[in-house]
Amino acid sequence: MLSSAILIPAVLNGLLIGAIYALVALGLTLIYGVLHIINFAHGALLSAALFAAFFSFRLLGLDPYVAVFLLAPIFFVIGYALQRFIIGPASHGDDRNMLLVTLGIAVVVENALLYLFRADTRTIDVPYAFQTIDAGWTFLAIPRVVGFFAAFAVALALWFLMTFTDIGRAIRAVAKEKLGAQLAGIDVGHVYAVTFGLGTACVAIAACLLIPTYYVNPHVGDAFVLVAFTIVVLGGMGSVPGALIGALLVGVVESLSGLFLGESLGQIGIFLIFIVVLLVRPSGLFGARA
Amino acid sequence: MKSLIPIAVVLAILAAVPFAVHSNVTLNFLVVALMIALVGQGWNILGGYGGQYSFGHAAFFGTGAYVTAILQMRYGINAWVGFAAGISAAAALGAILGVLTFRSGLRGSYFALVTLAFAEVLRIIASVAPITGAGVGTLIKLDLGIRTFQFQSRAVFYWIILALVGVSLVTTQLIERSRFGVWLVAVRENEDAAKALGVDANKVKLMAMVISAAITAAAGCFYAQYFLFVDSGIAYGTWISVQALLTPIIGGVGTVFGPLVGALIVKSLGEAAKLVAGDAPGLDLIIYGAVLVLVIWFAPRGLIGGLAHARMLLTRHDVPATSSTQEARHG
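Chains A and B are the protein sequences, given in the same order.
For the record, in the first sequence the residue sitting at position 88 is 88 according to this note's numbering, with numbers rising by one throughout.
Just remember that this note's numbering sits 290 ahead of the position in the second sequence, which is counted from 1.
Treat the hints as calculated values from the structure; they're not laboratory data.
One or more of the hints may lead you astray.
With beta-carbon atoms standing in for the labels, derived distance ranges [unchecked claim]:
#1 A:GLY262 x B:ASN314: 42 to 50 Å
#2 B:ASP490 x A:LYS176: 32 to 40 Å
#3 B:LYS564 x A:GLY136: 56 to 64 Å
Okay, derived cross-link-like pairs now, SDA-like style, lysine to any residue, Cα gap no bigger than 20 Å in a straight line [stated by the list, open to error]:
#4 A:LYS178 x A:HIS190
#5 B:LYS431 x B:LEU454
#6 B:LYS493 x B:ASP569
#7 B:LYS431 x B:ILE415
#8 A:LYS178 x A:GLY93
#9 B:LYS493 x A:LEU279
#10 B:LYS431 x B:GLN442
#11 B:LYS564 x B:PHE319
#12 B:LYS431 x B:PRO420
#13 B:LYS564 x A:LYS178
#14 A:LYS176 x A:MET162
#15 B:LYS564 x A:ALA112
#16 B:LYS485 x B:VAL472
#17 B:LYS564 x B:ASN318
#18 B:LYS493 x B:GLU466
#19 B:LYS564 x A:LEU114
#20 B:LYS564 x A:ALA150
#21 A:LYS176 x A:ASP166
#22 B:LYS564 x A:HIS190
#23 B:LYS493 x B:THR461
#24 B:LYS564 x A:LEU279
#25 B:LYS564 x A:PHE117
#26 B:LYS431 x B:ILE367
Virtual Cβ for every residue (Gly too), placed ideally from N, Cα, C.
Please build the complete structure, drawing on both the sequences and the hints.
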């Protein structure tokens with residue numbers, strides 16, 4: 001049963017898909033780390049980004065790996081505007097209201113996609129979708145490998161941004177001590193919006209990396225975002241290394257439980273981890289505070 | 291008991307509606323609106339009075355609906371017993387969920403997340419498990435009669451759901467005036483301060499969760515009897531979780547009549563949208579989502595809370611604080 005010829009490819013594929021999960025989770029954990037709220041619109045924005053990647057290929061003929069350089073900035077602006085002009089003003093500074101507003105946005109975006117494009121599932125055809133490379137023990141799909149390295153490149157770029165730039169320092173200051181940052185002359189509203197924009201841009205990049213091998217429909221983001229919630233909870237809310245490691249772990253668990261339990265129950269395995277971690281150690285594996 | 295007079299008046303007026311209105315379309319509209327009001331009233335006890343915002347109240351609605359339907363169709367159990375069992379099962383689920391989450395100290399974002407995840411897990415299980423009919427769903431066989439809880443006349447269903455709403459209104463009113471209700475509001479406004487004053491916050495939240503689950507489940511059981519069909523998307527879907535919180539928020543969070551007023555507005559908006567744009571998938575939810583954002587933005591107290599606040603500003607009488615008047619911070 002447990003032959004390494006099945007197990008190793010499953011683990012490797014889990015790691016590859018886990019890297020894409022990491023991108024989605026990174027956006028979520030970044031927003032949580034600074035704004036201290038869970039962005040319930042994350043999944044709907046991912047669905048929207050997948051549709052955007054789909055139509056840039058179909059209508060503009062843009063390869064997803066090219067479209068990413070267009071869509072990431074566009075989604076940054078969308079995220080910035082959402083936080084600055086809707087979520088911020090609408091929630092009057094109350095956390096519970098902020099949660100409800102992101103939920104409201106999620107419901108609007110998801111159902112607007114359903115209304116516009118119906119529930120049909122769509123895919124694109126790129127020539128390299130089924131090309132593989134020989135990794136020694138197994139063959140790996142090229143789009144997955146590209147996704148893996150791109151995800152780490154983005155994580156590295158984010159780390160660079162947070163560590164060495166002024167806006168990165170401002171974001172970290174606001175995350176640590178909002179009032180103090182405000183007193184030091186930091187525009188907190190702007191920092192919140194930039195953070196939300198960065199989180200949304202992560203989602204757009206993930207969408208472009210996913211679309212060559214994945215499908216898109218109005219509810220596709222839901223599955224990812226629940227996985228991303230699990231990762232973020234597992235790694236500790238607001239922790240970037242936690243999100244990366246949690247994502248790889250969840251990718252492997254999903255791949256293995258899919259292997260042993262079948263496709264539809266594979267997801268249940270993730271939720272069980274999620275609920276158990278929330279109940280037993282809500283601060284996550286790497287989080288310091290509950 | 292003076293405080294129950296407004297409820298009696300509202301119920302009496304609503305109970306007379308079927309004598310004046312004979313249109314099945316109108317009655318159907320009101321039946322569904324009252325059902326949504328009941329879902330919202332359940333959410334209101336935990337979310338409105340207790341400040342614990344659940345994003346997955348579908349877990350209770352769906353459990354009520356499925357238990358009622360499955361007990362009747364698979365085990366031949368009497369519909370009324372099934373109804374009671376559905377409510378009890380959801381209350382038990384609420385107790386389990388409450389013990390687990392409150393004991394782990396999950397609040398704010400985390401509580402919303404864990405409730406959402408529970409509803410989603412239940413939806414996935416219901417969509418594959420054989421006992422729920424998996425993807426096909428569970429159909430209750432048409433068999434009119436009092437014993438089977440199925441009626442030809444919409445008016446009878448209307449009075450039943452009105453009676454359930456009446457019970458929920460009285461329950462809410464009694465809670466609001468009780469020591470338990472005061473504790474609950476204290477936990478909402480500042481949990482740590484309430485604990486410091488000797489309120490057993492976890493126990494108070496747990497009780498609110500159980501009552502909340504039972505009320506919302508009653509609406510689910512009613513749904514099963516009224517439409518005679520349940521599937522995983524209906525029972526555990528986002529649509530019901532969203533309406534559960536939308537109705538009290540529109541009407542007035544933490545007010546007795548908020549969910550009822552909110553449900554009538556929500557249902558009217560949904561119907562108006564259908565008139566304008568036809569019965570397109572997703573349209574009603576687009577409007578609900580937008581209304582949710584707009585109400586929080588421009589009328590955070592909801593309709594009733596806003597009116598009470600306006601009256602206070604005019605007369606300077608005390609009104610009970612609604613959650614939006616306090617900036618509650620959760621870590």
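If any of the earlier hints don't hold here, list their numbers in rising order.
Hints 5, 6, 7, 13, 20, 22 and 24 not satisfied by this model.
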